[in-house]
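Per numbering that gives the first Met the number 0, the very first residue in the sequence shown carries number 0; after that it's consecutive.
Hints are computed from structural coordinates only; laboratory data are not their basis. In this text, a Cβ means the ideal position worked out from N, Cα and C, and glycines have one as well. A hint or two may mislead.
[Claimed, not checked] DEER-style ranges, computed between Cβ atoms: (1) Leu463 with Ser221: 50 to 60 angstroms; (2) Val276 with Val550: 52 to 62 angstroms; (3) Ala467 with Leu130: 56 to 66 angstroms; (4) Thr490 with Leu130: 22 to 32 angstroms; (5) Thr146 with Leu278: 25 to 35 angstroms; (6) Lys552 with Met464: 31 to 41 angstroms.
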Amino acid sequence: MTTLAIAGNPNCGKSALFNNLTGIRQTTGNWPGVTVERKLGSFNLSPENKVTVIDLPGIYTLDAMSLDEQVTRSYLLSREADVVINVLDAANLERNLYLTVQLLEMGVPVVLALNMMDIAQKRGISIEIDLLSKKLGCPVICIVAVTGKGINDLKQAALQVIEDHSRGGFSLTMDAEVETAIADIRPHLPEESHTYNTYWIALKLLEGDTSVCRQQPDAELSLRIQKWQQHIQNITTESADIYIADSRFGHAHTITQLVVKVKGKVHKYLSDRIDQVVLHHYFGVPIFMLVMYLMFMFTINFGGAFIDFFDGVAGAIFVDGLASILTSIGLPDLAVLILAQGLGGGIQVVATFIPIITCLYLFLSFLEDSGYMARAAFVMDRFMRAIGLPGKAFVPMIVGFGCNVPAVMATRTLESERERKLTILMNPFMSCGARLPVYVLFAAAFFPSNGQNLVFALYLIGILMAIATGLVMKHSLLSGESSGFLMEMPTYHVPTLKGIGLRTWDRVKLFIRDAGRIIIIMVLALNVLNSIGTDGSIGNEDSENSVLSVVGKSLTPLFEPMGIEKENWPATVGIFTGILAKEVVVG
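Work out the full structure: start from the sequences and follow the hints.
Spelled out as structure tokens, the structure:
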């Protein structure tokens, strides 16, 4: 089996390429030992050649400063990938080439996918592909990932590199001082380093990055490295790591100057014009609030319209239909109760959530694919700074609208441990998709004509509570100032139906798989306990005389201060089951 890894900067089109290559054949999990999302997919190059695709985290460098960078570099060093497709934004070639240079330094087999060629051409940018390929010593393929243009050529180029066992012909020659230092360090590297590109290992050690070795350099090697670091600083007046990074940037700049030609004047693009309004000092926040309001209006009014349909169909198939089949084949009442009322009832409850959750994720996917989500973080920056967080800490909080678990995982992008902890403590106040069905139920019951206003208010209160929590923690346990905020604004795109559909399907599938299992088990237990009478009868229709009522009534006194009386024991049951899964409250 062939393994293909996709690497590149954030917002370069990696995910679009991954979706185009794999379609719905995707699985999502975590990289071993860390809370970094791992996405795998597959496609068939031929009937006998199945290709596994791994979407590596979006990074700017392989310096292993962040979790994403550590995960990517560790995977590349493992040599599990037969070829690495490095996706580059053709409209911002020079910035993207820094990572390319580092990949080629490692000696991994690379194919360059020059993405967003349509945007580059609209801006009057032309690139000499053959010259770029010659300078970098690897194949370069022009693609437009969102439309699929050039994807077949990219597949064939990757296959050719694998068959040829090509490692490319790239060689970045450093200045004499650095080359001399590397030549002196290489013979003294630990034995295990010889399985990798020893030139690259020596270069990273010279930069002060000892994590590239499984074992720390011995005292003699450490002294040798320190001697050369000091020598380079004396000669260049820069530390070795900065000097080497400058050399890479200089090489990327030189290549860009050779291969990129720009026709006409550089003018203000549509994205810049939109940002003048969306990122406006005064209009930015109201626009963000309007977008959030539209999201809830769409979710409740459109998604809510399908709840009864999903409820009826699921009930007819998994409850009534299944009960009829099981009864006709002569299964005992207890088995029918467990399988139809219990298991089938749980599936019915999950089915009623699908339209609401799908609409929420559709809207969030639209915002992400269009490029607006990054703007939301920028707009909220000045509010987040008041509680000692950078604006990008708001991105995990927006993710929390879908689910708090990936929102907590998304805090890995924050630089300091203090910022990660503070954001994690604030995240539970962001109303997730699990609470949305509960909100919708009560909104429909008490405010049938203006339900979206109530839900929007509840979400807004959650945001305010999160900010209040941040303020309290800033002045107590987690005091400190926020780090600098630097975020690349992706170009606005018109999202494709395929892109939005795949992203939404992936998230809804995870909801059904993860939350659905808990909901089904809980609803099964509740329905079975509610159908078993205190006298041991099966199929009990009087819930007041069920085993569940006895348990609920015995716990209700704990909640009397809240005004819950004994005859309102179902509320007590809902509170306890809601601890495990908020959606079960509805069931």
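Status of each hint after checking the structure:
no.: 1; hint: Leu463 with Ser221: 50 to 60 angstroms; verdict: holds (52 angstroms)
no.: 2; hint: Val276 with Val550: 52 to 62 angstroms; verdict: holds (57 angstroms)
no.: 3; hint: Ala467 with Leu130: 56 to 66 angstroms; verdict: holds (57 angstroms)
no.: 4; hint: Thr490 with Leu130: 22 to 32 angstroms; verdict: holds (25 angstroms)
no.: 5; hint: Thr146 with Leu278: 25 to 35 angstroms; verdict: holds (28 angstroms)
no.: 6; hint: Lys552 with Met464: 31 to 41 angstroms; verdict: holds (33 angstroms)
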